[in-house]
Amino acid sequence: MQTDTIAAIATALSNSGIGIIRVSGEDSIQIVDSVFHTQGGKKKLQNMESHTIHYGYIVDDKGEIIDEVMVSVMKAPHSYTMEDVIEINCHGGVLMMKKVLQEVLHAGARMAEPGEFTKRAFLNGRIDLSKAEAVMDVIHSQNEYALASSVNQLRGSLSEEVKKLRGEVIYEIAFIESALDDPEHISLDGYSENLLLKVNELLVRVKKLIDTADNGRLIKEGIATVIIGKPNAGKSSLLNALVGEERAIVTDIAGTTRDILEEHINLHGIGFNVIDTAGIRSTEDTVEKIGVERARKYAGNADLIVYVVDASVPLDESDREIVSLIKDRKVVILLNKSDLESVVSEEDIKNFIRDNLPQRKEYGDIEIVRTSVKDGSGVEEFENVVKEMFFEGKIAHNGEIVITNMRHKEALQNAYDSLELVKRSIEDGMEEDFYSIDLMDAYKELGKIVGEEVGEDLVEEIFSKFCMGK
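In this text, residue positions in the sequence shown follow the numbering used here: the first is 558, and each later residue adds one.
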(Lines of atoms letter the chains of each structure in order from A and count residues from 1; the text may use other names and numbers.)
(Lines give C-alpha, C1' and ligand atoms only; values in the text may rest on other atoms or scores of the structure.)
Protein backbone atom coordinates (compact mmCIF):
# COMPACT_ATOMS: atom_id res chain seq x y z
CA MET A 1 0.00 0.00 0.00
CA GLN A 2 1.31 3.46 -0.88
CA THR A 3 2.33 5.60 2.11
CA ASP A 4 3.77 8.63 0.35
CA THR A 5 2.05 11.97 0.73
CA ILE A 6 -0.06 13.30 -2.12
CA ALA A 7 -1.51 16.75 -2.83
CA ALA A 8 -3.86 18.32 -5.37
CA ILE A 9 -6.26 21.19 -5.87
CA ALA A 10 -9.62 19.81 -4.69
CA THR A 11 -11.84 22.61 -6.01
CA ALA A 12 -12.55 23.60 -9.61
CA LEU A 13 -9.59 25.20 -11.34
CA SER A 14 -11.34 28.51 -11.95
CA ASN A 15 -11.48 31.86 -10.23
CA SER A 16 -13.70 31.68 -7.14
CA GLY A 17 -13.96 32.93 -3.58
CA ILE A 18 -12.12 30.00 -2.00
CA GLY A 19 -9.82 27.28 -3.31
CA ILE A 20 -8.87 24.10 -1.44
CA ILE A 21 -5.57 22.24 -1.64
CA ARG A 22 -5.93 18.75 -0.20
CA VAL A 23 -2.94 16.85 1.23
CA SER A 24 -3.03 13.22 2.42
CA GLY A 25 -0.42 10.82 3.74
CA GLU A 26 1.71 10.05 6.76
CA ASP A 27 3.86 13.17 6.26
CA SER A 28 1.03 15.56 5.35
CA ILE A 29 1.01 17.41 8.70
CA GLN A 30 4.78 17.78 8.77
CA ILE A 31 4.88 18.97 5.14
CA VAL A 32 2.17 21.60 5.60
CA ASP A 33 3.75 22.67 8.92
CA SER A 34 6.87 23.61 6.95
CA VAL A 35 4.97 26.09 4.74
CA PHE A 36 2.24 27.25 7.17
CA HIS A 37 2.90 29.91 9.77
CA THR A 38 0.33 30.91 12.35
CA GLN A 39 0.11 34.47 13.57
CA GLY A 40 3.06 34.79 15.94
CA GLY A 41 4.59 31.65 14.45
CA LYS A 42 4.37 29.55 17.62
CA LYS A 43 1.65 27.02 16.80
CA LYS A 44 2.39 23.76 14.99
CA LEU A 45 -0.29 21.67 13.28
CA GLN A 46 1.21 18.45 14.60
CA ASN A 47 0.29 19.61 18.12
CA MET A 48 -3.30 20.44 17.19
CA GLU A 49 -6.29 18.20 17.80
CA SER A 50 -7.99 16.47 14.89
CA HIS A 51 -10.86 18.22 13.15
CA THR A 52 -9.76 21.71 14.03
CA ILE A 53 -9.15 24.69 11.76
CA HIS A 54 -6.38 27.28 12.09
CA TYR A 55 -5.69 30.75 10.72
CA GLY A 56 -2.31 31.72 9.31
CA TYR A 57 -0.20 32.20 6.20
CA ILE A 58 1.42 30.06 3.51
CA VAL A 59 5.02 31.18 3.06
CA ASP A 60 7.74 30.28 0.56
CA ASP A 61 11.25 29.04 1.39
CA LYS A 62 12.38 32.66 1.82
CA GLY A 63 9.71 33.35 4.39
CA GLU A 64 7.68 35.56 2.04
CA ILE A 65 3.92 35.40 2.54
CA ILE A 66 2.07 33.87 -0.42
CA ASP A 67 -1.49 33.89 0.93
CA GLU A 68 -3.64 34.27 4.01
CA VAL A 69 -5.32 30.90 4.67
CA MET A 70 -7.38 28.68 6.95
CA VAL A 71 -5.97 25.17 7.44
CA SER A 72 -8.08 22.14 8.50
CA VAL A 73 -6.45 19.23 10.34
CA MET A 74 -7.97 15.72 10.13
CA LYS A 75 -5.87 13.01 11.71
CA ALA A 76 -5.93 9.31 10.85
CA PRO A 77 -8.03 7.27 10.90
CA HIS A 78 -10.85 9.82 11.11
CA SER A 79 -10.52 11.29 7.63
CA TYR A 80 -11.72 10.67 4.09
CA THR A 81 -8.65 8.59 3.22
CA MET A 82 -8.12 7.22 6.77
CA GLU A 83 -4.70 8.93 6.60
CA ASP A 84 -3.63 12.27 8.04
CA VAL A 85 -5.34 14.85 5.83
CA ILE A 86 -4.74 18.60 5.65
CA GLU A 87 -6.93 20.96 3.65
CA ILE A 88 -5.60 24.45 2.93
CA ASN A 89 -8.38 26.96 2.28
CA CYS A 90 -6.80 29.78 0.28
CA HIS A 91 -8.11 32.53 -1.98
CA GLY A 92 -9.66 30.98 -5.06
CA GLY A 93 -7.71 32.55 -7.89
CA VAL A 94 -6.25 30.01 -10.31
CA LEU A 95 -2.75 31.45 -9.99
CA MET A 96 -2.97 31.55 -6.19
CA MET A 97 -4.13 27.91 -5.90
CA LYS A 98 -1.27 26.81 -8.16
CA LYS A 99 1.28 28.78 -6.11
CA VAL A 100 0.08 27.28 -2.81
CA LEU A 101 0.07 23.77 -4.31
CA GLN A 102 3.57 24.32 -5.67
CA GLU A 103 4.87 25.16 -2.19
CA VAL A 104 3.32 21.97 -0.78
CA LEU A 105 4.89 19.89 -3.57
CA HIS A 106 8.23 21.63 -3.06
CA ALA A 107 8.04 20.74 0.65
CA GLY A 108 7.86 17.00 -0.09
CA ALA A 109 4.44 15.96 -1.33
CA ARG A 110 3.86 14.58 -4.81
CA MET A 111 1.06 15.43 -7.22
CA ALA A 112 -1.95 13.16 -6.72
CA GLU A 113 -3.24 11.11 -9.64
CA PRO A 114 -6.88 11.46 -10.73
CA GLY A 115 -9.12 9.90 -8.08
CA GLU A 116 -6.21 8.96 -5.83
CA PHE A 117 -7.76 10.33 -2.63
CA THR A 118 -10.88 8.19 -3.15
CA LYS A 119 -8.71 5.27 -4.24
CA ARG A 120 -6.88 5.46 -0.91
CA ALA A 121 -10.21 5.57 0.91
CA PHE A 122 -11.08 2.32 -0.90
CA LEU A 123 -7.72 0.63 -0.36
CA ASN A 124 -7.71 1.63 3.31
CA GLY A 125 -11.14 0.06 3.79
CA ARG A 126 -13.17 3.20 4.47
CA ILE A 127 -15.48 2.66 1.49
CA ASP A 128 -16.11 -0.22 -0.88
CA LEU A 129 -15.85 0.03 -4.65
CA SER A 130 -19.54 0.69 -5.28
CA LYS A 131 -19.45 3.62 -2.85
CA ALA A 132 -16.28 4.92 -4.49
CA GLU A 133 -17.98 4.88 -7.89
CA ALA A 134 -20.98 6.65 -6.35
CA VAL A 135 -18.68 9.53 -5.38
CA MET A 136 -18.04 10.22 -9.05
CA ASP A 137 -21.70 9.78 -9.91
CA VAL A 138 -22.61 12.41 -7.31
CA ILE A 139 -20.18 14.86 -8.91
CA HIS A 140 -21.51 14.24 -12.42
CA SER A 141 -25.24 14.07 -11.58
CA GLN A 142 -27.25 16.24 -13.98
CA ASN A 143 -30.71 15.92 -12.43
CA GLU A 144 -32.38 15.41 -9.07
CA TYR A 145 -33.06 11.71 -9.56
CA ALA A 146 -29.51 10.92 -10.64
CA LEU A 147 -28.23 12.80 -7.60
CA ALA A 148 -30.67 11.06 -5.24
CA SER A 149 -29.75 7.65 -6.66
CA SER A 150 -26.01 8.39 -6.34
CA VAL A 151 -26.36 9.66 -2.77
CA ASN A 152 -28.42 6.57 -1.91
CA GLN A 153 -25.64 4.36 -3.26
CA LEU A 154 -22.99 6.43 -1.49
CA ARG A 155 -24.83 5.82 1.78
CA GLY A 156 -24.49 2.09 1.16
CA SER A 157 -27.91 0.95 -0.10
CA LEU A 158 -26.43 -1.19 -2.88
CA SER A 159 -23.48 -2.33 -0.77
CA GLU A 160 -25.76 -3.53 2.00
CA GLU A 161 -27.97 -5.51 -0.36
CA VAL A 162 -24.99 -7.09 -2.14
CA LYS A 163 -23.35 -8.00 1.16
CA LYS A 164 -26.60 -9.61 2.36
CA LEU A 165 -26.79 -11.65 -0.84
CA ARG A 166 -23.15 -12.72 -0.52
CA GLY A 167 -23.64 -13.63 3.14
CA GLU A 168 -26.57 -15.90 2.30
CA VAL A 169 -24.69 -17.51 -0.60
CA ILE A 170 -21.54 -18.17 1.43
CA TYR A 171 -23.65 -19.70 4.22
CA GLU A 172 -24.96 -22.32 1.78
CA ILE A 173 -21.45 -22.98 0.45
CA ALA A 174 -20.10 -23.43 3.99
CA PHE A 175 -22.94 -25.78 4.91
CA ILE A 176 -22.35 -27.99 1.85
CA GLU A 177 -18.59 -28.10 2.40
CA SER A 178 -19.02 -28.88 6.11
CA ALA A 179 -21.51 -31.66 5.38
CA LEU A 180 -19.24 -33.21 2.77
CA ASP A 181 -16.29 -33.06 5.16
CA ASP A 182 -18.25 -34.41 8.17
CA PRO A 183 -21.19 -36.49 6.89
CA GLU A 184 -21.52 -38.30 10.25
CA HIS A 185 -22.57 -35.15 12.08
CA ILE A 186 -24.09 -32.97 9.34
CA SER A 187 -26.78 -34.51 7.16
CA LEU A 188 -27.69 -33.39 3.65
CA ASP A 189 -30.99 -35.29 3.69
CA GLY A 190 -33.69 -33.01 2.27
CA TYR A 191 -31.16 -30.20 1.80
CA SER A 192 -31.68 -29.95 -1.99
CA GLU A 193 -35.32 -28.98 -1.53
CA ASN A 194 -34.42 -26.29 1.01
CA LEU A 195 -31.60 -24.99 -1.17
CA LEU A 196 -33.94 -24.78 -4.17
CA LEU A 197 -36.26 -22.50 -2.15
CA LYS A 198 -33.30 -20.31 -1.14
CA VAL A 199 -31.91 -20.14 -4.70
CA ASN A 200 -35.32 -19.16 -6.08
CA GLU A 201 -35.49 -16.37 -3.51
CA LEU A 202 -31.99 -15.18 -4.41
CA LEU A 203 -32.86 -15.24 -8.12
CA VAL A 204 -35.86 -12.99 -7.50
CA ARG A 205 -33.78 -10.48 -5.53
CA VAL A 206 -30.93 -10.38 -8.05
CA LYS A 207 -33.37 -10.11 -10.97
CA LYS A 208 -35.07 -7.18 -9.25
CA LEU A 209 -31.75 -5.34 -9.20
CA ILE A 210 -30.97 -6.21 -12.83
CA ASP A 211 -34.38 -4.95 -13.93
CA THR A 212 -33.60 -1.50 -12.55
CA ALA A 213 -30.56 -1.10 -14.83
CA ASP A 214 -32.46 0.33 -17.81
CA ASN A 215 -34.16 2.83 -15.54
CA GLY A 216 -30.78 3.51 -13.96
CA ARG A 217 -29.27 4.38 -17.31
CA LEU A 218 -32.09 6.83 -17.99
CA ILE A 219 -31.69 8.41 -14.55
CA LYS A 220 -27.93 8.75 -14.90
CA GLU A 221 -27.55 9.68 -18.56
CA GLY A 222 -30.90 11.35 -19.22
CA ILE A 223 -33.80 10.20 -21.36
CA ALA A 224 -32.93 10.18 -25.06
CA THR A 225 -35.89 12.09 -26.46
CA VAL A 226 -36.27 12.52 -30.22
CA ILE A 227 -38.69 15.02 -31.75
CA ILE A 228 -39.96 13.85 -35.15
CA GLY A 229 -42.59 15.04 -37.57
CA LYS A 230 -43.15 16.53 -41.00
CA PRO A 231 -41.45 19.79 -41.99
CA ASN A 232 -43.01 22.90 -40.45
CA ALA A 233 -45.02 20.89 -37.89
CA GLY A 234 -43.55 22.86 -34.97
CA LYS A 235 -40.68 20.62 -33.85
CA SER A 236 -38.09 23.37 -33.51
CA SER A 237 -40.60 25.66 -31.81
CA LEU A 238 -41.22 22.88 -29.26
CA LEU A 239 -37.48 22.54 -28.60
CA ASN A 240 -37.19 26.29 -28.06
CA ALA A 241 -40.18 26.22 -25.68
CA LEU A 242 -38.65 23.39 -23.63
CA VAL A 243 -35.19 24.96 -23.50
CA GLY A 244 -36.62 28.41 -22.73
CA GLU A 245 -34.64 30.23 -25.41
CA GLU A 246 -34.26 30.41 -29.18
CA ARG A 247 -31.90 27.50 -29.85
CA ALA A 248 -33.38 26.37 -33.16
CA ILE A 249 -34.14 28.52 -36.20
CA VAL A 250 -37.88 28.79 -36.75
CA THR A 251 -39.39 30.02 -40.03
CA ASP A 252 -42.52 29.42 -42.09
CA ILE A 253 -40.36 27.73 -44.72
CA ALA A 254 -40.67 23.94 -44.62
CA GLY A 255 -37.36 22.11 -44.29
CA THR A 256 -35.53 24.83 -42.31
CA THR A 257 -34.06 22.20 -39.93
CA ARG A 258 -31.68 20.05 -41.96
CA ASP A 259 -29.48 18.53 -39.28
CA ILE A 260 -30.06 17.33 -35.75
CA LEU A 261 -29.89 19.79 -32.84
CA GLU A 262 -29.38 18.38 -29.35
CA GLU A 263 -30.05 20.07 -26.01
CA HIS A 264 -29.99 18.77 -22.42
CA ILE A 265 -32.93 20.03 -20.38
CA ASN A 266 -34.07 19.43 -16.83
CA LEU A 267 -37.81 18.85 -16.68
CA HIS A 268 -39.36 18.43 -13.22
CA GLY A 269 -36.01 17.13 -11.97
CA ILE A 270 -35.67 14.62 -14.81
CA GLY A 271 -32.83 14.86 -17.35
CA PHE A 272 -33.78 14.79 -21.03
CA ASN A 273 -31.38 14.74 -23.95
CA VAL A 274 -33.72 16.28 -26.53
CA ILE A 275 -32.92 15.97 -30.22
CA ASP A 276 -34.72 18.10 -32.81
CA THR A 277 -34.58 16.37 -36.19
CA ALA A 278 -35.11 17.35 -39.80
CA GLY A 279 -38.70 17.11 -41.01
CA ILE A 280 -39.39 13.72 -42.58
CA ARG A 281 -40.61 13.88 -46.17
CA SER A 282 -39.56 12.85 -49.67
CA THR A 283 -37.06 15.38 -50.98
CA GLU A 284 -34.49 15.77 -53.75
CA ASP A 285 -32.38 18.16 -51.70
CA THR A 286 -29.12 16.31 -50.89
CA VAL A 287 -28.50 18.04 -47.56
CA GLU A 288 -32.11 17.62 -46.44
CA LYS A 289 -31.98 13.92 -47.40
CA ILE A 290 -29.02 13.44 -45.05
CA GLY A 291 -30.97 15.18 -42.28
CA VAL A 292 -33.98 12.91 -42.82
CA GLU A 293 -31.79 9.80 -42.68
CA ARG A 294 -30.29 11.00 -39.42
CA ALA A 295 -33.79 11.60 -38.04
CA ARG A 296 -34.66 7.96 -38.80
CA LYS A 297 -31.46 6.76 -37.13
CA TYR A 298 -32.00 8.73 -33.91
CA ALA A 299 -35.65 7.71 -33.71
CA GLY A 300 -34.55 4.08 -33.81
CA ASN A 301 -32.39 4.56 -30.70
CA ALA A 302 -34.73 6.83 -28.71
CA ASP A 303 -36.07 6.12 -25.23
CA LEU A 304 -38.97 8.48 -25.91
CA ILE A 305 -40.34 9.77 -29.23
CA VAL A 306 -42.26 13.02 -29.44
CA TYR A 307 -44.26 12.96 -32.68
CA VAL A 308 -45.34 16.49 -33.60
CA VAL A 309 -48.36 16.50 -35.93
CA ASP A 310 -49.58 19.59 -37.74
CA ALA A 311 -53.27 19.07 -36.94
CA SER A 312 -54.30 21.76 -39.43
CA VAL A 313 -53.38 19.61 -42.46
CA PRO A 314 -54.44 16.05 -43.36
CA LEU A 315 -52.25 13.04 -42.58
CA ASP A 316 -50.34 11.80 -45.62
CA GLU A 317 -47.58 9.46 -46.84
CA SER A 318 -44.92 11.30 -44.82
CA ASP A 319 -46.93 10.64 -41.64
CA ARG A 320 -47.18 6.99 -42.64
CA GLU A 321 -43.39 6.82 -42.84
CA ILE A 322 -43.05 8.59 -39.48
CA VAL A 323 -45.46 6.14 -37.83
CA SER A 324 -43.30 3.27 -39.09
CA LEU A 325 -40.44 4.67 -36.96
CA ILE A 326 -42.48 4.53 -33.76
CA LYS A 327 -42.59 0.73 -33.59
CA ASP A 328 -42.68 -0.22 -29.87
CA ARG A 329 -41.09 3.01 -28.62
CA LYS A 330 -42.69 5.08 -25.89
CA VAL A 331 -44.50 7.92 -27.67
CA VAL A 332 -46.12 11.25 -26.94
CA ILE A 333 -48.05 12.69 -29.89
CA LEU A 334 -48.58 16.43 -30.04
CA LEU A 335 -51.50 17.55 -32.19
CA ASN A 336 -49.94 20.94 -32.78
CA LYS A 337 -51.29 24.22 -34.19
CA SER A 338 -54.51 23.95 -32.22
CA ASP A 339 -54.87 27.72 -32.74
CA LEU A 340 -55.82 26.90 -36.35
CA GLU A 341 -58.79 24.97 -37.65
CA SER A 342 -58.10 21.30 -36.91
CA VAL A 343 -58.59 18.53 -39.46
CA VAL A 344 -56.88 15.77 -37.40
CA SER A 345 -58.56 14.55 -34.19
CA GLU A 346 -57.27 12.29 -31.42
CA GLU A 347 -59.34 9.45 -32.85
CA ASP A 348 -57.95 10.10 -36.35
CA ILE A 349 -54.35 9.74 -35.22
CA LYS A 350 -55.13 6.62 -33.12
CA ASN A 351 -56.81 4.93 -36.09
CA PHE A 352 -53.99 6.04 -38.39
CA ILE A 353 -51.40 4.38 -36.14
CA ARG A 354 -53.46 1.18 -35.81
CA ASP A 355 -53.88 0.95 -39.58
CA ASN A 356 -50.23 1.60 -40.36
CA LEU A 357 -48.57 -0.09 -37.43
CA PRO A 358 -50.51 -3.35 -36.89
CA GLN A 359 -47.48 -5.08 -35.34
CA ARG A 360 -47.40 -2.70 -32.36
CA LYS A 361 -48.32 -4.57 -29.19
CA GLU A 362 -49.76 -1.72 -27.12
CA TYR A 363 -51.66 1.39 -28.22
CA GLY A 364 -52.95 2.53 -24.84
CA ASP A 365 -49.52 3.82 -23.79
CA ILE A 366 -49.39 6.34 -26.65
CA GLU A 367 -50.16 9.70 -25.06
CA ILE A 368 -51.84 12.43 -27.16
CA VAL A 369 -51.79 16.13 -26.26
CA ARG A 370 -53.25 19.09 -28.14
CA THR A 371 -50.82 22.02 -28.30
CA SER A 372 -50.13 25.32 -29.93
CA VAL A 373 -46.42 25.71 -29.41
CA LYS A 374 -46.67 29.11 -31.08
CA ASP A 375 -48.70 30.61 -28.22
CA GLY A 376 -47.56 28.12 -25.54
CA SER A 377 -50.88 26.37 -24.97
CA GLY A 378 -50.62 22.67 -24.16
CA VAL A 379 -46.85 22.78 -23.51
CA GLU A 380 -47.33 22.57 -19.73
CA GLU A 381 -49.74 19.67 -20.19
CA PHE A 382 -47.15 17.94 -22.40
CA GLU A 383 -44.51 18.41 -19.69
CA ASN A 384 -46.85 16.93 -17.09
CA VAL A 385 -47.63 13.94 -19.33
CA VAL A 386 -43.93 13.21 -19.70
CA LYS A 387 -43.46 13.63 -15.94
CA GLU A 388 -46.29 11.17 -15.26
CA MET A 389 -44.76 8.67 -17.69
CA PHE A 390 -41.60 8.90 -15.60
CA PHE A 391 -43.19 8.67 -12.17
CA GLU A 392 -45.53 5.85 -13.17
CA GLY A 393 -42.54 3.79 -14.23
CA LYS A 394 -43.22 3.88 -17.97
CA ILE A 395 -39.84 5.47 -18.42
CA ALA A 396 -37.94 5.09 -15.16
CA HIS A 397 -37.42 5.16 -11.38
CA ASN A 398 -39.14 3.24 -8.63
CA GLY A 399 -37.61 5.04 -5.64
CA GLU A 400 -35.62 1.98 -4.53
CA ILE A 401 -32.09 0.77 -5.25
CA VAL A 402 -31.35 1.56 -8.89
CA ILE A 403 -28.43 0.10 -10.81
CA THR A 404 -26.83 2.99 -12.71
CA ASN A 405 -23.45 1.37 -13.37
CA MET A 406 -23.17 -1.08 -16.26
CA ARG A 407 -20.26 -2.86 -14.53
CA HIS A 408 -22.62 -3.65 -11.67
CA LYS A 409 -25.30 -4.86 -14.07
CA GLU A 410 -22.85 -7.25 -15.75
CA ALA A 411 -21.74 -8.69 -12.41
CA LEU A 412 -25.35 -9.14 -11.29
CA GLN A 413 -26.25 -10.86 -14.57
CA ASN A 414 -23.30 -13.24 -14.19
CA ALA A 415 -24.34 -13.97 -10.60
CA TYR A 416 -27.89 -14.62 -11.77
CA ASP A 417 -26.66 -17.05 -14.46
CA SER A 418 -24.60 -18.95 -11.87
CA LEU A 419 -27.62 -19.23 -9.56
CA GLU A 420 -29.65 -20.53 -12.49
CA LEU A 421 -27.04 -23.27 -12.94
CA VAL A 422 -27.41 -24.19 -9.25
CA LYS A 423 -31.17 -24.42 -9.73
CA ARG A 424 -30.75 -26.62 -12.80
CA SER A 425 -28.31 -28.92 -10.96
CA ILE A 426 -30.82 -29.36 -8.12
CA GLU A 427 -33.66 -30.10 -10.53
CA ASP A 428 -31.46 -32.60 -12.40
CA GLY A 429 -30.61 -34.40 -9.15
CA MET A 430 -26.88 -33.67 -9.29
CA GLU A 431 -24.57 -34.27 -6.33
CA GLU A 432 -24.25 -31.51 -3.73
CA ASP A 433 -20.62 -30.70 -4.56
CA PHE A 434 -21.81 -29.42 -7.97
CA TYR A 435 -23.94 -26.83 -6.18
CA SER A 436 -21.05 -25.23 -4.33
CA ILE A 437 -19.06 -24.62 -7.55
CA ASP A 438 -21.75 -22.44 -9.10
CA LEU A 439 -22.65 -20.87 -5.76
CA MET A 440 -19.02 -19.80 -5.41
CA ASP A 441 -19.12 -18.25 -8.90
CA ALA A 442 -22.20 -16.25 -7.88
CA TYR A 443 -20.45 -15.19 -4.67
CA LYS A 444 -17.41 -13.95 -6.62
CA GLU A 445 -19.48 -12.07 -9.19
CA LEU A 446 -21.35 -10.23 -6.44
CA GLY A 447 -17.99 -9.46 -4.86
CA LYS A 448 -16.94 -7.57 -7.97
CA ILE A 449 -19.56 -4.92 -7.22
CA VAL A 450 -18.11 -4.03 -3.82
CA GLY A 451 -14.50 -4.57 -4.90
CA GLU A 452 -13.70 -7.82 -3.10
CA GLU A 453 -13.15 -9.80 -6.28
CA VAL A 454 -11.49 -7.31 -8.64
CA GLY A 455 -7.98 -7.09 -10.00
CA GLU A 456 -5.58 -4.17 -9.73
CA ASP A 457 -6.01 -3.27 -13.41
CA LEU A 458 -9.76 -2.73 -13.00
CA VAL A 459 -9.22 -0.63 -9.86
CA GLU A 460 -6.73 1.54 -11.76
CA GLU A 461 -9.14 1.92 -14.68
CA ILE A 462 -12.05 2.95 -12.45
CA PHE A 463 -10.14 5.59 -10.51
CA SER A 464 -8.40 6.97 -13.61
CA LYS A 465 -11.82 8.35 -14.64
CA PHE A 466 -12.10 10.46 -11.49
CA CYS A 467 -11.34 14.17 -11.46
CA MET A 468 -8.12 15.50 -9.99
CA GLY A 469 -8.28 16.20 -6.25
CA LYS A 470 -11.04 13.71 -5.48
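You may find that some hints are simply not true.
[Said to hold, decoys possible] Derived EDC-like pairs (lysine to aspartate or glutamate); straight-line CA-CA distance at most 20 Å: (1) 619 x 583; (2) 755 x 984; (3) 632 x 718; (4) 721 x 977; (5) 764 x 717; (6) 764 x 561; (7) 601 x 590; (8) 887 x 771; (9) 765 x 974; (10) 721 x 694; (11) 1027 x 768; (12) 721 x 768; (13) 966 x 898; (14) 720 x 984; (15) 764 x 584; (16) 721 x 984; (17) 764 x 621; (18) 764 x 977; (19) 1022 x 998; (20) 980 x 998; (21) 765 x 819; (22) 765 x 977; (23) 1001 x 758; (24) 1027 x 718; (25) 1001 x 584; (26) 601 x 874; (27) 656 x 670; (28) 884 x 873; (29) 907 x 932.
Read the hints as simulated data drawn from the structure, not as lab findings.
Distance restraint between residue 907 and residue 932, which requires alpha-carbon spacing of 20 Å or less:
Not satisfied, since the Cα-Cα distance of roughly 25 Å exceeds 20 Å.
Hey, residue 884 versus residue 873, does the alpha-carbon distance stay inside 20 Å?
holds (18 Å)
Between residue 721 and residue 984, is the straight-line Cα distance small enough, at 20 Å or below?
Violated - the C-alpha atoms of residue 984 and residue 721 are around 25 Å apart, more than 20 Å.
Hinted pair, alpha-carbon criterion (20 Å max): residue 1001, residue 758. Please report holds or violated.
Status holds; Cα separation ~19 Å.
Hint check: residue 980 vs residue 998, CA-CA at most 20 Å. Holds or violated?
Roughly 14 Å between the alpha carbons, so the hint for residue 980 and residue 998 holds.
Is the Cα-Cα distance between residue 656 and residue 670 20 Å or less?
holds (19 Å)
Hinted pair residue 601 and residue 590, Cα distance within 20 Å:
Satisfied, since the Cα-Cα distance of roughly 6 Å is no more than 20 Å.
20 Å limit on alpha-carbon distance, applied to hinted pair residue 764 and residue 584:
Not OK: residue 764 and residue 584 at ~47 Å, beyond 20 Å, violated.
Within 20 Å, alpha carbon to alpha carbon, are residue 765 and residue 819?
violated (33 Å)
Below or equal to 20 Å on CA atoms is what counts here, so check residue 721 against residue 768.
holds (19 Å)
Below or equal to 20 Å on CA atoms is what counts here, so check residue 632 against residue 718.
Measuring from Cα to Cα gives roughly 31 Å; hence the hint is violated.
For the pair we were handed, residue 764 and residue 561, check the Cα-Cα distance against 20 Å.
violated (43 Å)
Comparing the model with each earlier hint shows violations of hints 1, 3, 6, 10, 11, 13, 14, 15, 16, 17, 19, 21, 24, 25, 26 and 29; every other hint is respected.
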